[in-house]
Amino acid sequence: MTTDSRGTLLRWIFLAPTMLGVGLFVLVPIVGSLVLAFFRWDIITSPRFVGLQNFTDLAADSTVAVSFLNTAVFVVVAVAAQLAIAMLLAVLVQSRMPAWLRVFFRSTFFFPLVLSAASVSILMKYLFNESYGVINWALSLVGIPAVPWLTSPQWAMVVVIAVYVWQNFGFSFLLFIGGLAAVPQEVYEAGAIDGATGWRRFRHLTLPLVSPTVLVASVMAIISALQVFDQPYVLTRGGPGDSTRTVVMVIYESAFRELEFGRASAIGLVLMVLIMLVTAAQFRLARRFVFYQ
Amino acid sequence: MATRSPLTRRALLGAAGLAGVAGTAAAWPRLTGADIPGRGDDALTVLILGTAQDAAGRQQIADAFTEEHPDIPVRIQSVQATDWGDFFAKILTMVASGTQPDVVYTATEGAQLFAERLALPLDDYLLRDADAVRDYFEDVHPSLIEAFMYKGSLYQLPLDFNAANMYLNLDVLERNGLEMPGEDWNRDDFTELLRGMQGDATPYYWTNRLFGGIVPWLYVNDTSFLTEERAQGGEQLWSTFYPGEERSGGYLWTGSNATHERVHESVEYLRTLVQDGLAVRPEEGGGNTLVGLFASGRIGSTPAGGYWVQGLAEGGMTAEQYDVQFFPRWRTQRHQFGAAGYAVMKTTEKADQAWEWIKFTASKQAMQLAFPTPSTTPTRRSMVTDSLYTGVGPEHWSRFYDTLDRFPTSGPIPAPPQQAAVETALIRNISTALSGGAGGVARALAALDRDLRAVFTEEDA
Amino acid sequence: MTRKLPSLARYAALAVAAVLTLGPVWWTFTTSLRPAAESFSLPPSFFPLSPDFSSYAAVFEQIGVPLLVLNSALVTGVIAVGQMITAAMAGYVFARMEFRGKNALFAIVLSTMMVPAQVTIVPVFMLIRGMGLSDTLLALILPAIPTAFGTFLMRQYFLGLPLELGEAAAIDGASPWRTFSSIYAPLALPGMAIVGVLAFNFHWNEFFRPLIFMISEQNYTLPLGLVTLQGNLGTGSISVVLAGVVLSMVPAVVVFLFGQRYLREGLTAGASK
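Residue numbers (the working numbering), protein chains in the order written: chain A, 1 to 293; chain B, 1 to 461; chain C, 1 to 273.
Since the hints were made in silico from the structure, they are not lab data. Treat the numbers as computed from the prediction; the structure is a model and nothing was measured. Incorrect hints may have been included.
Claimed, not checked - In silico SDA-like pairs for lysine to any residue, Cα to Cα no more than 20 Å straight-line:
#1 Lys346(B) <-> Thr45(A)
#2 Lys346(B) <-> Pro29(B)
#3 Lys102(C) <-> Trp12(A)
Using the sequences plus the hints, can you model the full thing?
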């Protein structure tokens, strides 16, 4: 065998696991989803072709509509909060301080990322309990009456967002730290000569320079927020009412509680298209607003 | 360094690769589930809702069964789920994935789902072996049997049940100088009692589920959120086992009754309880924390069945600290109950063996093995005795079974075959109804009505 | 550059954020050390003055934690190693070999990064059933091994290694396999570590797929076992549940302490171009 043909052989052997795996477990299922979305099937009885009915039913189904609305609210608020908190803390941590303190803060804010969302939601469920939770206890110390965090539709979404942001802001924080560290010090020095300090310095110097990072961080944050499931599942099961039911929860419930596999696939496809659109839109916006060095 | 490093790294890679291969090979039975006892072998598989410990607990029954039927190997399999709906979803998933059991221990919540889609009717077996099972029926209240009749056939022999009675925390009552109410108390007495509980405890705590949630309050108000009819049929079973008893071929819940004015009245009543701070907003899901809260004197009253006794005892509550009373009367004092028993899967190839299992587990000997503690109420009246509750149970434990005798119209949890969708719709809209103002109730019930109609017409299509 | 007063405000803000971040975890830890009967009591105890370990014993008895840990470790370990190997192989090809259609293949792999698992879960469920792997740990493992992101990462990593090493080896007559196995693969170990740590972090904490694929309790992973424990237990002690939560955090904390650098690099790798 020549080196060349050995190289060809090696190439295909090396590519095989990934390519076959991606094909079998991602590409084939996407096609499968597309097909399933046109059927009604509960696996037990044979599938029935229903055309576009699964999609038209979605439009009429109030639960689905509410779940998309909830997800939209969740994504907007959670991502905004996540990015704002992360940026604020990143700027603070990157400013002048002893190295060990910086390492401490950096590790601390990053820490919740390594925990499981399910475990975090369990402990948060206790913290936010109306009658014996620590949060209401703390509020009672300053005279605020007990808040029905998880049992009222108004507050439940707030808690789900808070728990999600608590765990995930560290990711954006990490990205921002990296972005800020890459800003050359001369820029600030030059800015300082022009009298740029504090908010003005941040707004006119720092932010434009880290805007590519902000874009990437927001795309990633939005994509992951659109798929939120663990927190509402453990904290509220989508309730009270439909107030915290997200799109992925409806996919799960349709498929694995009601065995409506066609309907679940249809919702999944809509979600996937949504994710692609959001991403495309962001990169389009980016061309106008993001400042690349 | 630069030359040595790749070498050691290469060795490391090789060693890691070897270790990985060896480890994977060693773990192969775990990875494929082949080490799960009984998987793949020819035993009669009996599925229960619970932990592996629960399964181990039932192993005694399986052993006793094997003594009588050495030719039928049995394997008890447990599946954990957060509630019955979750459990049924898992069974459907098992059927879908081709790993279904032969026999399933399932409750009223899934009785009609099983009857309609998954279970085998027991009628022929029952009539064939009538003499062998007669003592079971003589010992069991007919209301419990009727709950497992579906369109004239019987699908399960209920082994344990729980009616939604009212648990009252005597510590809380005492702290507030209140008296334990009488058996004929009514809704106003109940409201009065809650008003008497000052500050330190939640007067009324409840979970938003089919069982123990809104439905008991609908039943005592002589209504339900679904239309209720009875099916024809089953005469032969009734005349064989309950001569003289006028019973039907099972309940039929086929339409929405959510906009009925008495449904509105019941929901509005609960809403005012919440609004006045007499009741918590409904918690969704199971109430694992509920036992702890009740045992530590933070809850005044809550609806539950006999299944609570053991949990409260384990939670450190003595028999003197609480008692149980019938649900308060409103227009009627009809109670809601749920029961459970084994169902034979339609897909099984071991139907005859499965029937032997069902027959055996309904015997008094097996039921005594199954229910050594009051963690539920056995359906055999002769087992609900002092000896079961001595030292652990409330003073009036006898009310658990008396509920059926005193209120013979008491009905099962209204769970049609579309259980999952119905419960989802109920929980969703009831929690909306209870968290808003007075005007919101009608709107939420209209939404419930719409959701239920969608559920029922969808199945017809 | 910064003035005194804002500097104080800055530290105060950071301190508050740090307390809010670590507080819940600390509370979990201290509450798990309270006796079961006191687990609901307020005020909460923030310092375990008289630690009570009975909840940890209860967790072992009640939910068979050792098996949960074994399952989680197996699933996570096999996925991590599998991803490291397959991603290194594919990444190497995409970085170092030229052939027709390479860019198209790489684009296909990259595009699957955008597809969330929730979208394809139903067909994957059916595939698993078709393969006879329902309710086995392999149902979690096999679909998770092919990794688009890991492949991308490893490609970047190989691109960063000097080309000359391979050229020199080829001149010496080394086969393509030898060039890979004795020169590039050992050098790529840090990159593989990133892939492995990322896989560990994600799959150790994974909840959605186990919730759907694992039916038998013997196959539960830790997060799934904990959520079920929380829903099922009749003892009403939150100490027990929280003890389980603490145990589930231990390996994550270990990785955090020792693999933080890899984790950070991996997580931010997607963002840097």
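I'd like to know which numbered hints this structure contradicts. Please list them from smallest to largest. Number 2 - this is the single hint that the structure violates.
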